[in-house]
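**Student:** To convert, take the position in the sequence shown, counting from 1, and add 837; that gives my numbering.
There may be inaccurate statements among the hints.
When the alpha-carbon atoms are kept at most 25 Å apart in a straight line, the in silico DSS-like pairs for lysine-lysine are as follows [stated by the list, open to error]:
#: 1; residue 1: K964; residue 2: K996
#: 2; residue 1: K923; residue 2: K985
#: 3; residue 1: K985; residue 2: K943
#: 4; residue 1: K943; residue 2: K964
#: 5; residue 1: K1020; residue 2: K970
#: 6; residue 1: K964; residue 2: K985
#: 7; residue 1: K923; residue 2: K970
#: 8; residue 1: K996; residue 2: K1020
#: 9; residue 1: K964; residue 2: K1020
#: 10; residue 1: K1020; residue 2: K1046
#: 11; residue 1: K970; residue 2: K943
#: 12; residue 1: K1046; residue 2: K943
#: 13; residue 1: K943; residue 2: K923
#: 14; residue 1: K985; residue 2: K1046
#: 15; residue 1: K964; residue 2: K1046
#: 16; residue 1: K923; residue 2: K1020
#: 17; residue 1: K970; residue 2: K985
#: 18; residue 1: K985; residue 2: K1020
Derived CB-CB ranges, DEER-like [as the list claims (entries may be wrong)]:
#: 19; residue 1: A951; residue 2: T873; range: 29 to 35 Å
#: 20; residue 1: G921; residue 2: E1023; range: 33 to 39 Å
#: 21; residue 1: F882; residue 2: G921; range: 17 to 23 Å
#: 22; residue 1: A903; residue 2: D982; range: 35 to 41 Å
Just so you know, these hints were derived from the structure itself, not from any lab.
Quick caveat, the model's predicted, so the values are computed rather than measured.
Ideal placement from N, C-alpha and C gives every residue a C-beta, glycine not left out.
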Amino acid sequence: MESTGEAAMRNFNVEMSGPIDSETAVEVGNWFGADTVVIGSFLRFGEIFRRDARMIDAQTGEVTVAESVRGGEEEVMTLVDELGGKLVEQFESATPEESTGTGTIKIVFQATRAQMGERPAYHHICKLYVDGKSIGLSQAVTSTDRWKTLFTRSLRGGKHRVEVVHGYVRGEEWDGQMPLQPKAFEIDIEPDGVTTVQYGFEVGWFEDKYIYDE
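Put together the whole structure using the sequences plus the hints.
**Tutor:** Have a look at this one:
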């Protein structure tokens, strides 16, 4: 009879053929009942080999630690040990004080066009960063005058700096960063509570601007 771990690995092999993002890492963590998931990659640049690793909180999807090492061909095998040591060292130094519980952040966005305006309204797609760490990519916003939830994420209680980076869309995928970006949001997450960030983007007659709910 197939064990839970074997089933999880079978699903992992089938479903994880593409890039692994924070949401996928949370799903993998749930399969294994893990608190933390470590995802790595291996690249070669000529004679130089590089290994990267990210340690992701399996509950919130936050990247808690990220490290990389590089070296020549003769160092390839030892790079793994070096990378593991750096991850552990950084994780231990970055481990927060006593946990304050978790709450939820919800980010809601709407694109609008000035009345009788003729300038085009571009589709938006967004990347979320919390305290400088990448959390995920939103679905494309392809309509105007309609509120859309970009992200709903669990975060540890306390103060956080939230940045939403807007980009252009090509075929539902990110196609480069837009020149005009919204401000960063300073939020305070209450354990078991929901903090909502809501703002809009208006295509005006002569210039565009972000509009914030105060």
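**Student:** Hint by hint, note whether the structure agrees.
**Tutor:** A quick look at each hint next to the structure:
For the given pair, K964 sits about 20 Å from K996 by alpha-carbon distance, which is consistent with the 25 Å threshold. Among the hinted pairs, K923 with K985 is inconsistent with the structure: their alpha-carbon atoms are about 40 Å apart, more than 25 Å. For the suggested pair K985 and K943, the alpha carbons sit about 11 Å apart, so the restraint of at most 25 Å is met. With a C-alpha separation of about 14 Å, the suggested pair K943 and K964 falls inside the 25 Å cut-off, and the hint holds.
Of the pairs offered as hints, the one joining K1020 and K970 holds, with about 16 Å between alpha carbons and a cut-off of 25 Å not exceeded. Taking the CA atoms of K964 and K985, the gap is about 15 Å. The hint holds against a cut of 25 Å. A threshold of 25 Å between alpha carbons decides the hint, and for K923 with K970 the separation of about 18 Å falls inside it, so the pair holds. A C-alpha spacing of about 17 Å is found between K996 and K1020, which places the hinted pair at or below 25 Å, so the restraint holds.
Restraint check: the Cα-Cα separation between K964 and K1020 comes to about 14 Å, which is no more than 25 Å; the hinted pair holds. With a CA separation close to 11 Å, the supplied pair K1020 and K1046 stays within the 25 Å bound. Our distance criterion of 25 Å between C-alpha atoms is met by K970 and K943, whose separation comes to about 17 Å. For the given pair, K1046 sits about 22 Å from K943 by alpha-carbon distance, which is consistent with the 25 Å threshold.
For the suggested pair K943 and K923, the alpha carbons sit about 33 Å apart, so the restraint of at most 25 Å is broken. Proposed proximity of K985 and K1046 is supported: the alpha carbons are some 18 Å apart, at most 25 Å. Proposed proximity of K964 and K1046 is supported: the alpha carbons are some 19 Å apart, at most 25 Å. Simply put, K923 and K1020 have alpha-carbon atoms about 33 Å apart, too far for the 25 Å limit, and the pair is violated.
At most 25 Å may separate the alpha-carbon atoms for a hinted pair to count; K970 and K985 meet this at roughly 23 Å. At roughly 18 Å between alpha-carbon atoms, K985 and K1020 fall within 25 Å of each other, so this suggested pair holds. A hinted range of 29 to 35 Å for the beta carbons of A951 and T873 is inconsistent with their spacing of about 47 Å. A hinted range of 33 to 39 Å for the beta carbons of G921 and E1023 is consistent with their spacing of about 35 Å.
Range check, F882 to G921: about 22 Å between beta-carbon atoms, so the 17 to 23 Å window is met. Between A903 and D982 the beta carbons are some 39 Å apart, a value that agrees with the proposed interval 35 to 41 Å.
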